[in-house]
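Chains B, C and D: place on chain A using the hints.
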Amino acid sequence: MISDRVKSNLKDTFVDSLLPKVGLVLLIAILVMALFAPLLATHDPTRTGHFHETGAPYPPMGYSYETQVAQDGEFGEVSVESNSTHVLGTNNIGQDVYSRFLYGARVSVIVGLSSTLLAMLIGVPIGLVAGYYGGRVDDGLMRVADTMLAFPALVLALALIGVFGESPVHVPDPIVMAGFADGMPETIPIPGTVTIVGALVIWVWFARVARGEALSLRNEEYVKAAQSFGTGNAQILRQHILPNSLTPIIVLATIQVAVIILLEASLAYLGFSGTTLSWGYEIERGQDVLRTRPWVSIVPGIGIMLAVISVNLLGDWLRDALDPNIDQSKRGA
Amino acid sequence: MTEDILRINDLSTRFFTKEGQVNAVERVDLNIKRGEVFGIVGESGSGKSVTALSLVDLVESPGEVTNGSVEYRNEELAEALRDEYPDAVDGSFVDLRAVPETVRRSLRGASFSMIFQDPESSFNPTLTVGEQIAEAAEVQRRARANPRSTRAKTRGVEYSFSSYLASAVLPSRKFVTNSSRERAVELLEMVGIPDPVKRADEYPHQYSGGMLQRAMIAQALAGEPDVLIADEPTTALDVTIQAQVLDILADLQEETGMTIILITHNLGVVARMCDRVGVMYAGEIVEQGRLEDVFENHVHPYTEGLLGSIPNLDDVGGRLQPIGGNVPSLIDVEMGDGCYFADRCPRAMQECLEKPPDFDGPGGEEHVAKCYLADHPYDETQALSEEYFESAGARVTDRGDSAGASPGEVSEDD
Amino acid sequence: MSIAKFLLRRFLQGIFVIWGVITIMFGLRAVSPGDPASLMAGEGATAEIIEQVRVQEGLDQPLYLQYIEYLQGMMVGDFGFSWQARREVSAIVIGRIPATVELAVAATVVAIAIAIPLGVISGTRRNQPADYSATMFSLLGISTPNFWLGLMLILVFAVWFGIPYPSVGTSSLPLSGVSVPYPSSVGLGMVDLPTGRRDVSFGVAVSALVFEQSLSEMGTWLRHITLPAITLGTYFTALITRLTRSGMIDELGKPYVTSVEAKGLPSVLIRYKHVLRNTLIPIITVLGLQIGTLMGGAVITETVFNWPGLGLRLIDALHDRDWPVMQGIVIFIAIAFIIINIIVDALYASLDPQVSDE
Amino acid sequence: MSGATIATAGVTSMAGCLGDDDDADDTDDAAVDDTDDTDDADVADPDELDEITVTLSEFPDTIDPLDHITGPYFDIYDHIYEPLFNFDPGEGVFPWIAEEWEETGEGSTEVTLRDDVVFHNGDEMTADDVAWTINRAVDPEKGVASDLGAFGLGSITGAEAHDDTTVEFFYDGAPGLAEFEFGNYARVISVDWAMDYNAEEDAISGDSPEDFNGTGPYQVVEFEPEVEIVVEAFDDYWGDEPPFQRVTFNADGESSGRANALETGEADLTMNILPEDVATIEDADGVEIRNVSSFRTIFCPMKNSVEPYDSQEFRQAINYAVDSQEIIDTVLSGFGEPTSQPVAPDINGFNDGLEPYAQDYDMAESLVEESGYGGVEIELTAPQGRYLNDADVAQTAADMIDQLPNVDCSANIVDFGVVSDANSAGLDDPDHPFYMIGWGTVTGDTDYGVQGFFVPEETRSFADEELTDAIIESQQIEDIDERRQKLQEVNQMAHEKAPWLFLHVEESIYGVNENITWDPRPDETIYLWEMDV
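Residue numbers (our numbering), protein chains in the order written: chain A, 299 to 631; chain B, 30 to 443; chain C, -5 to 352; chain D, 447 to 979.
Looking at chain A on its own, in the form it has when it is part of the complex (with noise of 0.2 angstroms):
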């Protein structure tokens, strides 16, 4: 389990240097907007017609646009102000920006946090199976984990998606149900088959790790003695194995979340995710008018990225403070 060792090991490189602390902050962040999307937001993200009179989006505070608009055929230049209540500005259907930009954050938390704990569900029991029993069952998995790894995450992906279609799941929001935000979506879509094929693209990292960890920990002594105490194979897996693997698994799936937040936004911008309250989906959205509005897909891209850098960070530190010797290659997407 988690020794003292570690314990101070995750202090002193926080402590010492500023990134883990930025990525912390960050994280914070976004879990805030996440978790409290519904009381931040300042419309409801689903609501179109935010227009400014000229029938044009409204641009973030403190900016102002030329635009032409056409008005019974002939064209016009117009020139569009902001508008206090849209911090952030409108997008193409009037939605405004800077909600959905939370509820951007909530999608990716979401299917980040949950594709990775199925991939880990799968993955780990699979992995610790392999490597404590050895043999076939052994090399069974590492072939299949070589067939999975060689399809490109993407690729393979957009092949499962192709296969099972996408279906957006709607999942209900406690705090509005609550009736602390009136007005705001009582459901979130949740791109399911996303979720569920990220899981599958990524179950192999764990069950590699978890392989790895099973292979060394059953030659440790007090698993041996478990077996001469006639422990089953069962409860030593899960007494033994399983909490002494959990270190790298764990550095892991920090990085796989940011894996997955990737992939997810990936999909959606390609238009596989099944929903549109995404911030992939809402930077596909902003291609279109990027010349004029950019900042549809300005403000969701950055969601993205911190997102991503907050993850990549913690998983920086946690890498440093507890398994110097995790593959980089588990990172990317």
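Keep in mind that the hints were calculated from the coordinates and are not lab data.
Wrong hints could be hidden among the right ones.
Restraint ranges, calculated between C-beta atoms of paired labels, are given here [to be verified]:
1) N531/A - S195/C: 54 to 62 angstroms
2) D877/D - P56/C: 26 to 34 angstroms
3) L1/C - R434/A: 45 to 53 angstroms
Capping the alpha-carbon separation at 20 angstroms, the derived lysine-lysine pairs in PhoX-like fashion look like this [as the list claims (entries may be wrong)]:
4) K319/A - K305/A
5) K309/A - K319/A
6) K305/A - K47/B
7) K47/B - K309/A
Output of the computed footprint for chain A on chain C, the stretches with three or more beta carbons under 8 angstroms from beta carbons of chain A [as the list claims (entries may be wrong)]:
8) 21 to 30
9) 76 to 90
10) 133 to 145
11) 289 to 295
Since we're looking at a predicted model, the values are computed, not measured.
The C-beta atom is built at its ideal place from N, Cα and C for all residues, glycine as well.
Here is chains B, C and D on its own, set in the frame of chain A:
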């Protein structure tokens, strides 16, 4: 034989670590004579290796040579540098600390070379041994063609950036000429490697430890250096191999007449090889002199402790005797103002709470000790009580901590 | 074991994995919730076409027979037939390879050329401004979604700086509104006015250069590929910088470096010949795995910039639900990935003399 | 007929102009200069504009001229495999390759062909070629199971050549329908040439210019599958010389990419410009926007086999909840016109007495209550990238409905294929009962705009006996005015029964090099021979 080749004055090296400033080398004065074998002996963490690295300016961050001079006698060099750096040149001596780094760098290999204690980690695992030795020969060949210019070492198309990159990826050898490669084979033969032509093309992991150490000696000799610094050259080796390696060193020294600074904690090695010895403790040279003086007429209780009760030179036990007490912390704030050994010293006196100057020892000339006992005998009435340092507490920490506080360069395997 | 044996083993493993990849794709088709025949017939197929597909593709056969046939087809490079495009999938795939290879190679070259020196500088000047900048850059680089980066590059270069950018093989961004005359604003005299051509392949550009001494084709090629290559290469640049930096720091702490320094070798030789070489060994293994990321990134980059490669075709196939093309491209990418990894292993083996003793 | 695929885009292929403005006689001296093909950005001198690039929004997948029925194919292939007849929407069918035709009995029409038509490979076109092509198209067993045959030529059963220039078409539907079908969709392939491609069994496929062989004014000189087709004027064309010597067709899926191509001179004509990019093109030099209100309406069918859409009150409530003018003004930057009925204003049978449902939330709310479906959750399924800002329109509409206190509505953005399948799956398929789609009434007649959605039992998405009967009744009326009146009634009925959420008429927005004289057609077809420089 009596001419000094190196005059080291007041040399201090500090490590600036998170735990505080570590005084690894503390105001060291040494004169090394041309052609002699000078031994530096001491416990782990006493600063021997850092002293050696300080001489050739290889102390790495967070370490830094903070004070002192290292004067090197070299007529040619002195001549060449006299106009440009008048302050650094004194007669035929050049103060290496007062000239630019490029100059010091250009002396590496050609004037000073080093042998390290762990041959297996001191060779680059991905290049052949022959290549690495040839490289050293090549550098010196180029340097000799144009002694003052470091640029001469990096001239030519093969030194372009792209060829560096290519060399990182491709097993290329175009940095060394054929003559250097032949020289490498000669050197390998010289240190007694059988079948040197074939061996030159092998990688370090294909060598045994003893052979690698010989290869390292060959590498160090490639530049025909004035001064060879051997840092624990036999520590990592088996006893029988140790003897072979020492023989080779001794033979080579005899042949070439080069100066050897031998750093070791092995008194047997010292006794066998050295003309003169310096004993280091807590970054200081606490006693130095001719081998016989230090071994037989030592005054410093630390030297005495090191040698144990062995009274005569012919019967040196080999390993250092354990000394009661703990290795001192070298962290600046934890070091007192007095003699650093006082807390472990069986004959510590009141006056030892003030730093002792160098006193002439009872042996021949150049026998010097940093101890009041060299000046006057032990006075029991002045003795410090046993509990004195225990209550002082802060000054002495347990061994584990001090090892943690010391930079890796100063700790050795005992 | 010799290097040859090592590679042979890797090759055999590769074959095994390719078989696994093909089997997984077959399995996906089999477990797909819809009717496989309508899956293969693609979007908007009529009942007649679906029936025709069922018979011609043998989808009315027992599963194991279908599987054997499927494997046989793959073995001779037959990726199937696109009922939507009425073409052999292999022809479609082959047609799209050059664009993707150009992009991936350009990105990799850019990444390596920038990242390795940057990583070395960063690793050798720790905690200096250069190191901090490189660290920040690599942190941002690995954290920025590349489709967004692509858009931002277009925004900055094409829209705000008013540098006209060819639409072809690019997104999206109208550069009009840009009133500066074209060639001077680019600042590249060799760049022609945009041609009516969709795109110039590298091969065409090279042959123009060689046989006609014409720079303009090459200029066009460069102009078209610059932003996509930067977009795709940034993550890699950041990753390699990071790996090089930490590898350099690790390696520089090793005793052999002091030993090499004591020999009097010039520092540039120490860094690039000795240290970098050892740093590259772990980097190369990581990069081998990361080629997958590069390929995934290519899918996105091609979409952003409308670059006519495999990735864009894959996305089109998915939108059209053209299963055979999708499957063909996925299998092709996986196989390419496996082969690249074998090549990487060969490189690794040639760099690390100890590999043959393992 | 199942409308799914036809609905996909500007489906038509009628021959356009009557030739009166076809004075493209200035191209004789415009020899092709291969070394100078990079200069088409130089738009200053119209005389040099004999090479143009047309950038479409989608590139054809297949090269078999019968193996498709959607816009991008016709936009390219009609210049290679020209239509047999000249069809003008709302006006009727006029001679082209077919010089004259006459009904010869129950279910047959005899067509007389020109005798001076040659294929690009030099073979003379004969009635045999025409008959074979028609038979190949309509027989699913022959060649490809052709969309063109199945949908476009749905009532045609076959054809037979009598001599070199006479061919007889057979059909099992009304003569008017048949005339529309062959007038619109008949093409000709050389039978001898096609046999080399085993065209009786397979689709014609290949990747070289020789794999095209039509009678059109342009022949293919370069072909890169999925990327571009380059055509040049065919020297032995029977008709007028086309206005451009050399034309490159390519595609860019992004509106802004197409706009960009136009502005940088890489394209001279491009289509489906999004409203967001209109201003950019308007600002640029040498190019301009040409837009026309199309025959295409955008709407959201509600399958009345599925709750809550079985309630007329509910469907009306949906219409009252959505302010389509507001959507046009904001999401479509003013391009479009709200609709009150299935078809667009210029269509025969359009009822101009009808007003679009005006947004009225109170009315909508009470109608929902009346329907008994208060509190229901619904989902609007909509495509992305098919129609102008389709996903944005759908999200806005869904949100307007969502603002009803007693209805929750969200938009589900999917690939067009999903919507298309939902549409053709008919009432039995409950998966996507409320979806957004567009339909181009390319015939210019209301019948074509409503019949597929309300009549055929298997594929219709709305079942209402009264409405179905009215449509069928209208089909039997011979008198033009009487029929128009009946169709207006049909539109009136459709308005009241609210089978769809009526949105808007889609604007066709083209970006064009201003040196090209061309008025876009409302049926979304691009014919080069209608252009001039």
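Hint check:
no. : hint                                : result
1   : N531/A - S195/C: 54 to 62 angstroms : 59 angstroms, holds
2   : D877/D - P56/C: 26 to 34 angstroms  : 30 angstroms, holds
3   : L1/C - R434/A: 45 to 53 angstroms   : 26 angstroms, violated
4   : K319/A - K305/A                     : 16 angstroms, holds
5   : K309/A - K319/A                     : 11 angstroms, holds
6   : K305/A - K47/B                      : 19 angstroms, holds
7   : K47/B - K309/A                      : 15 angstroms, holds
8   : 21 to 30                            : holds (count 5)
9   : 76 to 90                            : violated (count 0)
10  : 133 to 145                          : holds (count 9)
11  : 289 to 295                          : holds (count 5)
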